[in-house]
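S.K.: Sequence:
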Amino acid sequence: MTAFFTLEEADFDAIEGLIGVRPPAKAYVKASRLYDASLSVEVRCALEHVLADVFEEAGVDDESDRKAIAGDHTTIEAVSTAAMAHAKEVGAGKKTARVKAIEKVPAELERLKPYVEGGARRR
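When we follow my numbering, the leftmost residue of the sequence shown carries the number 1, and every step to the right adds one.
Just so you know, these hints were derived from the structure itself, not from any lab. Here a beta-carbon is modelled for each residue, glycine too, at the ideal position from N, C-alpha and C. Do not rely on the hints blindly, as some may be mistaken.
Unchecked claim - Simulated restraints, written as ranges between beta carbons of each label pair:
#	residue 1	residue 2	range
1	56	3	23 to 33 Å
2	20	81	21 to 31 Å
3	41	77	18 to 28 Å
4	5	90	36 to 46 Å
5	1	61	36 to 46 Å
6	64	26	16 to 26 Å
7	96	14	31 to 41 Å
8	38	89	45 to 55 Å
9	12	59	20 to 30 Å
All chains, full assembly: derive it from the sequences and hints.
M.R.: In structure tokens form, the structure reads like this:
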């Protein structure tokens, strides 16, 4: 049996205490009881929703930058690669504030990876 739940404000603090990283704003819980009677709880979030939090945290404000980085990518690795390529393209060798913000994207994505890649789990 599997059920899905939205998170309440107090849940974010509790999950952050367990996992060590605050869940993205649009995270949800997938709770399951398996055939062997074991329990599984995962906190998950779609990549597109994680990206909204990542862009906010990194300071990537320009909509064209966000679109260029997100593209139609479906993995954290692909988005991270796109971010670094876009930073080089935009910066042309200069470390502007815009480039520095874009370069923060891969680290922010890595931090939130447990919520995208199979969910942050507790059994």
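S.K.: Between residue 38 and residue 89, does the C-beta distance stay in 45 to 55 Å?
M.R.: The hinted range 45 to 55 Å holds for residue 38 and residue 89, with Cβ atoms some 48 Å apart.
S.K.: Is it true that the C-beta distance of residue 96 to residue 14 lies inside 31 to 41 Å, as the hint says?
M.R.: Distance hint for residue 96, residue 14 holds at roughly 39 Å.
S.K.: At the C-beta level, are residue 12 and residue 59 separated by a distance inside 20 to 30 Å?
M.R.: Holds - the Cβ-Cβ distance for residue 12 and residue 59, about 21 Å, lies within 20 to 30 Å.
S.K.: Regarding residue 41 and residue 77, is the given constraint of 18 to 28 Å on their beta-carbon distance met?
M.R.: This hint holds: roughly 26 Å between Cβ atoms.
S.K.: Per the hint of 36 to 46 Å, is the separation of the Cβ atoms of residue 5 and residue 90 within bounds?
M.R.: About 40 Å separates the Cβ atoms of residue 5 and residue 90, which means 36 to 46 Å holds.
S.K.: Quick one: are residue 56 and residue 3 within 23 to 33 Å, going by C-beta?
M.R.: The hint (23 to 33 Å, Cβ to Cβ) holds, given that residue 56 and residue 3 are roughly 29 Å apart.
S.K.: Starting from the hint 16 to 26 Å, judge whether the C-beta atoms of residue 64 and residue 26 obey it.
M.R.: holds, 23 Å
S.K.: Mind checking the hinted window 36 to 46 Å against the Cβ distance between residue 1 and residue 61?
M.R.: At roughly 43 Å between Cβ atoms, residue 61 and residue 1 fall inside 36 to 46 Å, so the hint holds.
S.K.: If I claimed the Cβ atoms of residue 20 and residue 81 lie 21 to 31 Å apart, would that claim hold in this structure?
M.R.: holds, 26 Å
Violated hints: none; the structure is consistent with every hint.
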